[in-house]
Amino acid sequence: MATTDIHVHSAVHGHDDHGHDHEHEHHEGNFWTKYIFSEDHKVIAKQFLITGIFWALLGGTLSVIFRLQLGFPDMNLEWLKPVLGGWITPEGKLDPEFYLALVTMHGTIMVFFVLTAGLSGTFSNFLIPLQIGARDMASGFMNMLSYWFFFVSSVIMFTSLFLQDGPAGGGWVIYPPLSALPQAIKGSGLGMTMWLVSMALFIVSSLLGGINYITTIINMRTKGMSFTRMPLTIWAFFFTAIIGLLSFPVLFSAALLLIFDRSFGTSFFLSDIYIGGEALPNVGGSPILFQHLFWFLGHPEVYIVLLPALGLSSEIIATNSRKPIFGYKAMIGSMLFIGILSFIVWAHHMFVTGMNPFLGSIFMLLTLIIAVPSAVKIFNYVTTLWQGNIRFTPGMLFSIGLVSFFLTGGITGVFLGNSALDIQLHDTYFVVAHFHLVMGSASFFGMMAGVYHWFPKMFGRMMDDRLGYVHFWITFIGVYLVFFPMHYIGIAGFPRRYYSWTNFETFSGFADLNMLVSIAAVATLAAQFIFLFNFFYSIFRGRVASENPWKSNTLEWTTPVNVGHGNWPGAIPNVYRWPYDYSKPGAKDDYIPQHIPFSETPESNLPSENEQIKLESNGSGAIVVDKH
Amino acid sequence: MNMAELKIVEEAKKPLSMNPKKFALWLFIVSVCMIFASMTSAYIVRQAEGNWQIFELPPLFWISSGLILVSSITMHWAYLAAKRDNLEMVKVGMSITTVLGIAFLVAQVMAWGELVENNVYFTGGNPSASFVYVLSGLHGVHIVGGVAFLLITLIATFRFQVHSKNMNLIEMCTTFWHFLDALWLYLFVFLLINR
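If you read the sequences in order, they're chains A and B. Counting along the first sequence from 1, when you hit position 467 you're at 467 in the numbering used here, and nothing is skipped either side. To get the numbering used here, take the position in the second sequence, counting from 1, and add 1000.
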């Protein structure tokens, strides 16, 4: 292929001085514009991160409360009275309806507020402009709105926890008619209304964010950053944003129709219901319709949660293996394929709704195909690690942990995707184990890996490694101890969302296993406080970081230690190569950042790369001589 | 300048890029499409289950469809005039489009009145009736946004901020308004066919 034009200019590479770039240098605003209503993508990312951490802590605490009930049904919970008040019955037991609310809120908080907003919101905002070489997002204002919609949505959801009747209690999937009828359970009253309002705002926030991410990735890349030179993180955020853009509006439709059913008296999802012998006026609705609408979002949502984590870990694993990522294009291809498949498998959540078995077998086939791109990804992670010069930083450990959970959790997906096996396993703890490993823990580990890895760029300081190792090992072992036994409990037929099993002779076994799970859950939650301490302590007192502490290739590591508004004090660097030139044979260092031109690395260039700088010897007129 | 200090660097190519605001508008249109795609497919799925009440669509829907179709034409007329810097025509075209947009909204609300007169209510009846209200209502909400956009463009035209060198605003407004027009025609035809 004919080569590109050649530029000759003096020493510092890639710095064409564009005068107008300096317009972006920001005057220091006051406290409000700098930290609260900031339009700087890095500040917004930190806002998402801190809010996400708050929610993660709350969601985790809720889970420990209901694990106490499940693991120790005879325990006296009187001591929780100061916190939970009336939700502890006079006998010192957890109120059964509040148990349902706990499960619901745990799911909602973790899936949406932590692993969607906290994960995508943090890292898409932080990394997209930095890694593609942009001063900021396409629209800083929309970006700010995205956070504040999320914030208002968070406030509403949080407030609902303190309602007299408790927050929403119909499960995070809010299936009607349970969620539609306030007479059904306490959790379908005002709590449910607030849940729906909160989620509507959350959807607006996600869409504002997603539109911004896609626009920025496509239109704001620096010179030389072609699609095939984008880091896998950016690819992952890109696919995530597209999936969100296509699926969240559908959840909005479902929520809107449910709001009409609940508050206006329509009958989209309600039909022929008798309460206390009294017939409700609603006729002609279909509760299954809601499930279709919900899972058309709900299934892609799984990948909205997972893909960013996979992207982050791709970057971290390549960097810390000191090797190019194995199968860069296969990684992109498999994410694309997963993204497409995610829209045509939703009915595997509904095998037992009386679906036509033939239709079930089609959805089963499509579901099982997801194992193919997933396996490609795991294979590529392992082959990247293979014979690498591995550095076990905490970020790296959490990334490897992600690969482990993605594998163990993914394999059980093959069981559950079988429409026949699903008859036994549906809504049992087997499902709980499956998705907590593959989507919950894997994404959570991806998020943690990202925090440890990009902390130096976020706050200009390093987190403590030793505390990171302790945090990793307790969490890693803890997660397996929590979720591995659940497979056995699930195969034994224990249904999820049950308040207590002691009333059923069938479920009298496994009390010890449940106890183990609960103890492990408490220990895992406790370990997160090590992280919290490490995180907040390091923001103020951590070791000062260098510009590029991990010797990484991507553009964000060319920015100063304390990145200002506008990201690069001078011109934006140009990009000349892909981001994975680690341990390239012949190279001086074991990494060559993206902004180093091939002409500076003749010792390690491949013949095809030399092609790109050969024009010089042709004496072609394309040579430009900058004199400055 | 000494040649020894010079470096030979291959040029980094400018990647593909578009106007970010226009691009974002298209993405917004995609997400609106998804809302209505989900609503209309919910309609079909629900209809296939039977127990589906059939009733006459309000005749006013024909008139409102005509209104929005004409408004789309005047919108395009204004856009072409702006391209040719015929600023008086732009003002006239934009004004007519805005009036027609508001007239469409009024017609839609009156169409609901016709439905009520025929004892077809939003609540309490068969979902087939509720769906008509939801689809036209949700579209109406977007029309309110569209009319706001028209007003912003209209004000800009009267301040002479829309001309052949400054087409972004009116281009985006045209795109969005054509989209809303097409969306309503789709919904109307959909309702006519699937009853």
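What the hints contain is simulated information worked out from the structure, not anything from laboratory work. All figures in this text were calculated on a predicted structure; none of them were measured in a lab. It cannot be assumed that every hint is accurate.
As the list claims (entries may be wrong) - Heads up, simulated SDA-like pairs for lysine to any residue below, C-alpha to C-alpha not over 20 angstroms straight-line:
| no. | chain 1 | residue 1 | chain 2 | residue 2 |
| --- | --- | --- | --- | --- |
| 1 | B | Lys1013 | A | Phe227 |
| 2 | B | Lys1021 | B | Glu1171 |
| 3 | A | Lys329 | A | Thr228 |
| 4 | B | Lys1013 | A | Arg135 |
| 5 | A | Lys329 | B | Pro1015 |
| 6 | B | Lys1014 | A | Arg135 |
| 7 | A | Lys329 | A | Asp581 |
| 8 | B | Lys1013 | A | Gln69 |
| 9 | B | Lys1013 | A | Arg229 |
| 10 | B | Lys1021 | A | Ala526 |
| 11 | A | Lys34 | A | Ser139 |
| 12 | B | Lys1022 | B | Tyr1133 |
| 13 | A | Lys81 | A | Gln69 |
| 14 | B | Lys1091 | B | Lys1014 |
| 15 | B | Lys1013 | A | Phe598 |
| 16 | A | Lys93 | A | Phe162 |
| 17 | B | Lys1165 | B | Asp1085 |
| 18 | B | Lys1013 | A | Glu611 |
| 19 | A | Lys223 | B | Glu1011 |
| 20 | B | Lys1021 | A | Val204 |
| 21 | B | Lys1022 | A | Asn219 |
As the list claims (entries may be wrong) - Across the chosen pairs, the derived CB separations fall in these ranges:
| no. | chain 1 | residue 1 | chain 2 | residue 2 | range |
| --- | --- | --- | --- | --- | --- |
| 22 | A | Met355 | B | Phe1158 | 56 to 64 angstroms |
| 23 | A | Pro607 | B | Val1141 | 23 to 31 angstroms |
| 24 | A | Ala492 | B | Phe1055 | 49 to 57 angstroms |
As the list claims (entries may be wrong) - Listed next, the stretches of chain A that the computed footprint assigns to chain B, with coverage defined by at least 3 CB atoms under 8 angstroms from CB atoms of chain B:
| no. | region |
| --- | --- |
| 25 | 244-255 |
| 26 | 273-287 |
Glycine included, C-beta positions come from ideal geometry on N, C-alpha and C.
Here is how each hint holds up against the structure:
For a cut-off of 20 angstroms, the pair hint linking B:Lys1013 to A:Phe227 stands: about 12 angstroms separates their Cα positions. For the suggested pair B:Lys1021 and B:Glu1171, the alpha carbons sit about 11 angstroms apart, so the restraint of at most 20 angstroms is met. Simply put, A:Lys329 and A:Thr228 have alpha-carbon atoms about 8 angstroms apart, close enough for the 20 angstroms limit, and the pair holds. Distance hint between B:Lys1013 and A:Arg135 is fulfilled; the C-alpha atoms sit about 18 angstroms from each other, no more than 20 angstroms.
Only pairs whose Cα atoms come within 20 angstroms are accepted, and A:Lys329 paired with B:Pro1015 is accepted, the gap being roughly 19 angstroms. With a CA separation close to 16 angstroms, the supplied pair B:Lys1014 and A:Arg135 stays within the 20 angstroms bound. In summary, the hint linking A:Lys329 to A:Asp581 is supported, as the alpha carbons are separated by about 15 angstroms, within the 20 angstroms threshold. For the given pair, B:Lys1013 sits about 61 angstroms from A:Gln69 by alpha-carbon distance, which is inconsistent with the 20 angstroms threshold.
Straight-line distance between C-alpha atoms of B:Lys1013 and A:Arg229 comes to about 12 angstroms, which keeps the hinted pair within the 20 angstroms bound. With a C-alpha separation of about 46 angstroms, the suggested pair B:Lys1021 and A:Ala526 falls outside the 20 angstroms cut-off, and the hint is violated. Of the pairs offered as hints, the one joining A:Lys34 and A:Ser139 holds, with about 17 angstroms between alpha carbons and a cut-off of 20 angstroms not exceeded. With a C-alpha separation of about 31 angstroms, the suggested pairing of B:Lys1022 with B:Tyr1133 is violated against the 20 angstroms cut-off.
For the hint linking A:Lys81 to A:Gln69, the alpha-carbon distance of about 14 angstroms falls within 20 angstroms, and the restraint holds. About 38 angstroms separates the Cα atoms of B:Lys1091 and B:Lys1014, which puts this hinted pair outside 20 angstroms; it is violated. In summary, the hint linking B:Lys1013 to A:Phe598 is supported, as the alpha carbons are separated by about 14 angstroms, within the 20 angstroms threshold. Distance check on the hinted pair: A:Lys93 and A:Phe162 sit about 19 angstroms apart at the alpha-carbon level, within 20 angstroms; holds.
For the hint pairing B:Lys1165 with B:Asp1085, the CA-to-CA distance comes to about 9 angstroms; that is within 20 angstroms, so the pair holds. The straight-line distance between the Cα atoms of B:Lys1013 and A:Glu611 is roughly 15 angstroms, inside the 20 angstroms bound, and the hint therefore holds. Among the hinted pairs, A:Lys223 with B:Glu1011 is consistent with the structure: their alpha-carbon atoms are about 9 angstroms apart, no more than 20 angstroms. With a CA separation close to 18 angstroms, the supplied pair B:Lys1021 and A:Val204 stays within the 20 angstroms bound.
Distance hint between B:Lys1022 and A:Asn219 is fulfilled; the C-alpha atoms sit about 11 angstroms from each other, no more than 20 angstroms. In this structure the supplied range 56 to 64 angstroms holds for A:Met355 paired with B:Phe1158, their Cβ-Cβ distance being about 58 angstroms. Distance hint for A:Pro607 and B:Val1141: a CB-CB separation of about 60 angstroms, inconsistent with the stated range 23 to 31 angstroms. Between A:Ala492 and B:Phe1055 the CB atoms are about 53 angstroms apart, so this pair conforms to the stated range of 49 to 57 angstroms.
Using a Cβ-Cβ cut-off of 8 angstroms, 9 residues of the region 244-255 of chain A lie near chain B, which meets the minimum of three, so the contact claim holds. Restraint check on the region 273-287 of chain A versus chain B: 5 residues with Cβ-Cβ distances below 8 angstroms, three needed, restraint holds.
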